[in-house]
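With the hints as a guide, bring the two chains together.
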Amino acid sequence: MALLEVNDLHTSFFTPAGEVRAVNGISFNLDRGKVLGIVGESGSGKSVTAYSIMQILASTGKIVSGSIKLNGQELVGSGEKIMKTVRGNKISIIFQDPMTSLNPTYTIGHQLVEAITLHTSRNKKQAWDRAVEMLELVGINEPEKRMRQYPFEHSGGMRQRVMIAMALACEPDILIADEPTTALDVTIQAQILELMKDLQEKLGMAIIMITHDLGVVAQLCDEVIVMYAGSICEQGTAEEIFYNPKHEYTKGLMRSIPTADTAGTKLQPISGTPIDLLNMPAGCPFAPRCDNAMRICLRQSCERMEINAEHQAACWMNVKYKIDQESVHPENAGDTEGGDAQ
Amino acid sequence: MSEKFDNLVEVSHLKEYFSINVGMFTTKPLKAVDDVSFSIKQGETLGLVGESGCGKTTVGRTLLHLYKPTSGEIRFRGKPVKTTAEINEFRKKATMVFQDPYSSLNPRMTVSDIIGEPLDIHKMFNNRSEREERILELMNRVGLNSEHASRYAHEFSGGQRQRIGIARALALQPEFIVCDEPVSALDVSIQAQVINMFDELQEQMGLTYLFIAHDILVVRHISDRIAVMYLGKMVELADAKEIYEHPLHPYTKSLMSAVPQPDPKVARANKRIVLSGDIPSPLNAPSGCPFRTRCPHAASACAESMPEFHEVESGHFAACHRISELN
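Protein sequence lines correspond, in order, to chains X and U.
Per my numbering, numbering of the first sequence is gapless, rising by one per residue and ending at 342.
Per my numbering, numbering of the second sequence is gapless, rising by one per residue and ending at 1327.
The shape of chain U in the complex, shown without the other chains (with noise of 0.2 Å):
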């Protein structure tokens, strides 16, 4: 990708692989991330978007070293993480806000202490007045009412919590946040305020996000770019609006016009592609390309080697062996 932006995030040939036992003695490599690449700039929203089980949760852990890589290469501000000095500085600046509202929260600590955790754990305030006073301010930000403070995380809904874990997101300055399916436990009505939120906090700090979502109507909100993996790999990458109305995948075609349209009349009119057959397990990866089991357009060369992930049109990235012929 192009040097000339300032990219705060850029993740090269990623890849995460974890040992599964498949018998008494020997393990099987599953290959949840498989070389991925890409970068993030500053002050942007990448939504990453896939079904589950496409290892679209793993990139955002492996990114924060919550997972070793297996190998591949994170660089923040231009910088590696490699080492633990990094990996300790780098975590200081980029958080996660996880999907569960109700297991990410410990429920034998208040709603201060959560949020405190991360302010004690880098030592950021020596000063016990200070402390609190920055846990209040984080809590005003997210509207969360100074006098639940004490609460413990029980004593709120779903919506609430979730404000919880973006306070103690927030609680360390941090430039880029991974978005875990933030909003995918919380109703429709309680869903938009926190969008509303993600939004704000990230015009009123400058916050680069990673969004992950399987909902593509709340990806396409939200994100400036959105890219689509499949089985571990990345199979398209674009401009928002770019990848809704054209999309040059075929997985991405029939994901795009899968998504439930709330309008009857364009729902009603909409041409769904539906795939055939469920994704294959990652344990028995088909080879060449992932998608070529469920593909409508697969052709033999399909089978024989993974099509290289590169720039179509200007921005536009895809992987895909027949895109010139099918677009």
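The shape of chain X in the complex, shown without the other chains (with noise of 0.2 Å):
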């Protein structure tokens, strides 16, 4: 049994202007001591996913349907009592912004303090020695001294950390990060990443990597799930996934990254603009801007189909190649596959 195990999650917000369905249907499974990564531009949902595991979501938002299991126990529809031993115990989260997720108001101590004695039965005094713990394990110096300060008085490196300190300071079994690094300056994202690694090897907690960077994807994460307007388009071992994408949209994101290589020549960017939520497509999202959308595209989307063992991708062109290999008429390719007849 996964440890997190998530099915067919369906979370939509209820906007005045219609109905926003941010998670679409996603369905993945996390195991023990994994660092999972989602990866997707604004608006495709990962984050949105990460608040539906937490169940945190703004008071517009709600689970449609769907389930969610951690170690074989629904949290769906669970109610705000198992939810509360839950978050904070099992399952951590870190946010964006070190920079507004602290209260300014009270000292870093303070807060760390709260969160423990909040989550444990430790007292305020044990709470306290485990902070100062914490602090030093995130690799902060003089923990005692910056016990007492305030989150103003701390860089935003210094309070990503903190922030960190506070998310393990309960040993959860699962940390999710969301954008950890992205406010953060190049060389002091290498210290928090590296930080991640290391402490994920010694704890031996899962994370949830989600974030927008490819980069990071790479550095960090075993798998990785590529999201696309609230769906997932493909999932895989990071190395499936950046050798051998299989999913039009991944490829697109592939090739639109500058790197050392592409210094002098043309980036091949993805056309069109993202999708509107509130008007999505018949068929498979991304068909607007592929460049290799074939009619099938525009009016069904494509399940998850297994490449191998360690991939899955939604992408009709995998079905096209399958029986164009198996040399039937590629323009029937479509149709008989999708058993569209019309």
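Simulated from the structure, these hints should not be mistaken for lab results.
Worth double-checking, as some hints may not be accurate.
Stated by the list, open to error - Partial selection, computed: residues in chain U whose CB lies under 10 Å from chain X:
id	residue
1	1051
2	1054
3	1154
4	1157
5	1190
6	1216
7	1222
8	1245
9	1279
10	1283
11	1284
12	1287
As the list claims (entries may be wrong) - Dumping the calculated DSS-like pairs for lysine-lysine here, alpha-carbon to alpha-carbon at most 27 Å:
id	chain 1	residue 1	chain 2	residue 2
13	U	1253	U	1271
14	X	266	U	1241
15	X	197	U	1253
16	X	34	X	69
17	X	266	U	1041
Ideal Cβ placement from N, Cα and C applies to all residues, glycine included.
Here it is, written out as structure tokens:
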């Protein structure tokens, strides 16, 4: 049994303009001690996935259907009482912006002690000692002194360390990191990523790393999920996703990142603009921007299919290749496979 | 730097100090840019990288006299830019694209007003229809539809807004554009579209760019030469490939090694030089070399004096006392 099992999760936001299907039927498993990366552009639903797992959605947001199981225990519809024992204890989250996720009116120590006493049976004194120990663990010098200081006295990198210390203080099974280094500078980002990797090895928790930066994914993640417009287009090991992408969106993404080798050449961007979640097309959500879109892509979205044991993708192109290889006439590929004969 | 090249923009000993209140009556200078010299050749893209607070944005803004330089000289086509008349003339030829496509466009103006504003300020057209024609031509150039002209900025996505900002910068047919983090607020797929557009505009119009960004892979892609700043000082300047592959300054070395490579095998094999500590506050900059507090190779000499920014190899400038020992 996987540590976390997400099955056919649908999360929507009910806005005056209509229902926004931010997460549209996603399924994945997370094993103990693994680092799972979720990549996607803004609006792809990666953060909403995390917030759904923690059930900390904004008031307009709601898990419409699906199941989230932690150690076999169903979390969807389990109620606030159960969720309070899950949040912080079993699943912790760190947010993107270390500048706003700490309360500016309390000392670092106060906030750490509060988090620890809330989730464990430690008294204040024990919680204080634990907090000092955690700050030491995340590499903060003079933790005793730092405990008595306010967030404004810490730099961005320091605050993110404090957030990590707070998230890990109750030894969660899963740490969700929502763009943990996006607001930080490159050299500080390197420090924080190194720290997360060390802690992951030391404490053995599983990490869900949410990011738009493929570089961060390449460095840290065992497994990768690529999301577009609320759906998973592709999932596999980091090696498979980077060296053998099987969804047109992932391929486009890989081509559009500048690297040392692209200097002096033109990048190959994905054309068009991101999709409007209020007006989702009928077929594959990526089809309007896809250069290789076929007729079937516009009519029917593709189920996730197995490429190999470590790799799944939801793209009709893979069906086409397969049929091409079996030397069936490619023009019929869409119709025969889709079973759509209108 | 050598005079034999046609330097479009030359900056020498540029200083920009802001005065910060530290007590009720006392102020302290914040040395945002401290003695920076460089030049940009015609048609070249100079990338300027560094971490937040290093002064790269201030360099760009001071260069266009959006801030009055504390001291130092800016020359455009060999002529100094100092008096009001010179500055006004210079600003027809040098414009800017800003980082945030959300706050850099006036929400109460239509797209055609935004793009037309520089034309009105510099009184480029007396004839209304010619002005309209020029605006539509500019919109076309950056890939916007002409029917968008009467819309407002909030109706556009981030990438399209950045296109509006670029059209505005192109309105006066400039020769030089300061691009201040123009793609960092954009998604990867849109970022690539905008980067390509900068490339194409440069080819078509012979533009010269100062491209300021913190994303080293983007800067490496677009720049001919790259300059690295740390705490208000320029620490290294060289050809883009050279500085990326053979950085000389210890700060540049760690910066280049910290770049997250979008390739799992490379990223995991990469020996990162992880620096300890944080960037000091520019209000309390360390004596001597500004990097010495985080430098793994700092020696006693580094605390005593600021190393000179000098040409170490042909076309490769750096400021480090121990540069010959370390390389």
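Hints, one by one, checked against the model:
1. The interface hint given for residue 1051/U is met, as the beta carbon of that residue sits about 4 Å from the closest beta carbon of chain X, less than 10 Å.
2. Checking residue 1054/U against chain X by beta carbon gives a least distance of about 9 Å; that is within 10 Å, so the hint holds.
3. With a least beta-carbon distance of about 14 Å to chain X, the hint placing residue 1154/U at the interface is violated under the 10 Å criterion.
4. Residue-level restraint check for residue 1157/U holds (minimum Cβ-Cβ distance to chain X is 5 Å; threshold 10 Å).
5. For residue 1190/U, the interface hint holds, the least distance from its beta-carbon to any beta-carbon of chain X being 7 Å, beneath 10 Å.
6. Taking 10 Å as the C-beta contact cut-off toward chain X, the hint placing residue 1216/U at the interface holds, the least distance being around 7 Å.
7. For residue 1222/U, the shortest C-beta to C-beta distance to chain X is roughly 8 Å, which falls under 10 Å, so the interface hint holds.
8. Annotation: residue 1245/U was flagged as interfacial toward chain X, and the flag holds, the nearest CB pair being 8 Å apart, inside 10 Å.
9. Because the beta carbon of residue 1279/U sits about 8 Å from the nearest beta carbon in chain X, less than 10 Å, this interface hint is met.
10. For residue 1283/U, the shortest C-beta to C-beta distance to chain X is roughly 14 Å, which exceeds 10 Å, and the interface hint is violated.
11. Because the closest C-beta pair between residue 1284/U and chain X is about 13 Å apart, greater than 10 Å, the hint is violated.
12. For residue 1287/U, the interface hint is violated, the least distance from its beta-carbon to any beta-carbon of chain X being 21 Å, above 10 Å.
13. With a CA separation close to 11 Å, the supplied pair residue 1253/U and residue 1271/U stays within the 27 Å bound.
14. For the hint pairing residue 266/X with residue 1241/U, the CA-to-CA distance comes to about 17 Å; that is within 27 Å, so the pair holds.
15. At most 27 Å may separate the alpha-carbon atoms for a hinted pair to count; residue 197/X and residue 1253/U meet this at roughly 22 Å.
16. Only pairs whose Cα atoms come within 27 Å are accepted, and residue 34/X paired with residue 69/X is accepted, the gap being roughly 17 Å.
17. With a C-alpha separation of about 22 Å, the suggested pairing of residue 266/X with residue 1041/U holds against the 27 Å cut-off.
In summary, the numbered hints that this structure violates are 3, 10, 11, 12.
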